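Participant: Numbers 472 to 621, taken from this note's numbering, label the letters of the sequence shown in order.
Think of the hints as simulated: they come from the structure by calculation, not from any bench.
Watch out, some of these pointers could steer you wrong.
Computed Cβ-Cβ distance ranges for the label pairs, DEER-style [stated by the list, open to error]: (1) Thr551 to Glu510: 14 to 20 Å; (2) Arg540 to Gln511: 18 to 24 Å; (3) Asn536 to Asp556: 38 to 44 Å; (4) Lys528 to Glu615: 15 to 21 Å; (5) Gln511 to Glu554: 22 to 28 Å; (6) Leu602 to Glu552: 33 to 39 Å; (7) Ala488 to Ala520: 18 to 24 Å; (8) Val566 to Pro605: 34 to 40 Å; (9) Lys492 to Ala520: 18 to 24 Å; (10) Glu531 to Gly559: 33 to 39 Å; (11) Ile542 to Met472: 21 to 27 Å; (12) Ile542 to Asn502: 20 to 26 Å; (13) Ala496 to Pro605: 34 to 40 Å.
In silico lysine-lysine, BS3-like type, Cα no more than 27 Å apart, as pairs [as the list claims (entries may be wrong)]: (14) Lys600 to Lys576; (15) Lys575 to Lys498; (16) Lys484 to Lys575; (17) Lys498 to Lys484; (18) Lys592 to Lys576; (19) Lys498 to Lys576; (20) Lys576 to Lys492; (21) Lys592 to Lys484; (22) Lys575 to Lys600; (23) Lys592 to Lys575; (24) Lys592 to Lys492; (25) Lys484 to Lys576; (26) Lys498 to Lys528; (27) Lys492 to Lys575.
None of these values were measured; they are calculated from a predicted model.
Where a beta carbon is used, it is the ideal one built from N, C-alpha and C, also for glycine.
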Amino acid sequence: MFRGLSSLNLDPKGRMALPTKYRDALKCSGNLIVTIDPEQRCLLLYPFAQWQVIENKIAEFPSFNAAARRIQRLLVGHATELELDTNGRILLPAVLRDHALLDKKVMLLGQGNRFEIWGEKHWLACREKWLAEPLEISGDLPAELESFSL
472 MFRGLSSLNL DPKGRMALPT KYRDALKCSG NLIVTIDPEQ RCLLLYPFAQ
522 WQVIENKIAE FPSFNAAARR IQRLLVGHAT ELELDTNGRI LLPAVLRDHA
572 LLDKKVMLLG QGNRFEIWGE KHWLACREKW LAEPLEISGD LPAELESFSL
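The whole structure should be built from the sequences, with the hints applied where relevant.
Facilitator: This is the structure in structure tokens:
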């Protein structure tokens with residue numbers, strides 16, 4: 472499980488060193504897949520095995536459904552296979568860095584089976600907005616969360 476928040480740097484070539492505590496788990500899973508988040512200006516980073524499960528589900532979406540095609544185009548269309556180099560770094564493609572508003576400072580958020588990669592300034596702005604918004608429970612809350620307690 473990937474959890475927590477890490478502040479990292481991108482080098483001028485667009486390489487990001489992953490925190491040491493995650494490297495062994497990621498090396499064991501083979502290559503990594505990075506793609507865009509279709510709802511936010513961030514990237515999603517998956518171990519290859521986790522991505523294969525998602526990609527297989529996406530492949531089963533009906534091709535004549537506009538929402539399904541949008542998800543296929545955005546997630547699978549931007550999916551890029553990455554390798555950890557000997558220093559534990561990954562090279563993020565420029566087109567994906569541009570989409571996620573990444574510059575020198577980035578935030579890596581563990582999200583269980585994946586990571587999110589955010590530009591630091593964008594992450595801080597979004598986080599402040601989310602913290603300032605009142606949490607209103609509406610009818611579109613998943614049933615699993617209706618009885619969840621912290």
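Participant: All hints are to be evaluated individually against the structure, with a verdict given for each.
Facilitator: Okay, the hints, checked on the actual structure:
no.: 1; hint: Thr551 to Glu510: 14 to 20 Å; verdict: holds, 19 Å
no.: 2; hint: Arg540 to Gln511: 18 to 24 Å; verdict: holds, 20 Å
no.: 3; hint: Asn536 to Asp556: 38 to 44 Å; verdict: holds, 39 Å
no.: 4; hint: Lys528 to Glu615: 15 to 21 Å; verdict: holds, 18 Å
no.: 5; hint: Gln511 to Glu554: 22 to 28 Å; verdict: holds, 25 Å
no.: 6; hint: Leu602 to Glu552: 33 to 39 Å; verdict: holds, 35 Å
no.: 7; hint: Ala488 to Ala520: 18 to 24 Å; verdict: holds, 22 Å
no.: 8; hint: Val566 to Pro605: 34 to 40 Å; verdict: holds, 37 Å
no.: 9; hint: Lys492 to Ala520: 18 to 24 Å; verdict: holds, 19 Å
no.: 10; hint: Glu531 to Gly559: 33 to 39 Å; verdict: holds, 35 Å
no.: 11; hint: Ile542 to Met472: 21 to 27 Å; verdict: holds, 25 Å
no.: 12; hint: Ile542 to Asn502: 20 to 26 Å; verdict: holds, 22 Å
no.: 13; hint: Ala496 to Pro605: 34 to 40 Å; verdict: holds, 37 Å
no.: 14; hint: Lys600 to Lys576; verdict: holds, 20 Å
no.: 15; hint: Lys575 to Lys498; verdict: holds, 25 Å
no.: 16; hint: Lys484 to Lys575; verdict: holds, 10 Å
no.: 17; hint: Lys498 to Lys484; verdict: holds, 22 Å
no.: 18; hint: Lys592 to Lys576; verdict: holds, 8 Å
no.: 19; hint: Lys498 to Lys576; verdict: holds, 24 Å
no.: 20; hint: Lys576 to Lys492; verdict: holds, 20 Å
no.: 21; hint: Lys592 to Lys484; verdict: holds, 20 Å
no.: 22; hint: Lys575 to Lys600; verdict: holds, 23 Å
no.: 23; hint: Lys592 to Lys575; verdict: holds, 10 Å
no.: 24; hint: Lys592 to Lys492; verdict: holds, 25 Å
no.: 25; hint: Lys484 to Lys576; verdict: holds, 13 Å
no.: 26; hint: Lys498 to Lys528; verdict: holds, 24 Å
no.: 27; hint: Lys492 to Lys575; verdict: holds, 22 Å
When each numbered hint is compared with the structure, no violation occurs for any of them.
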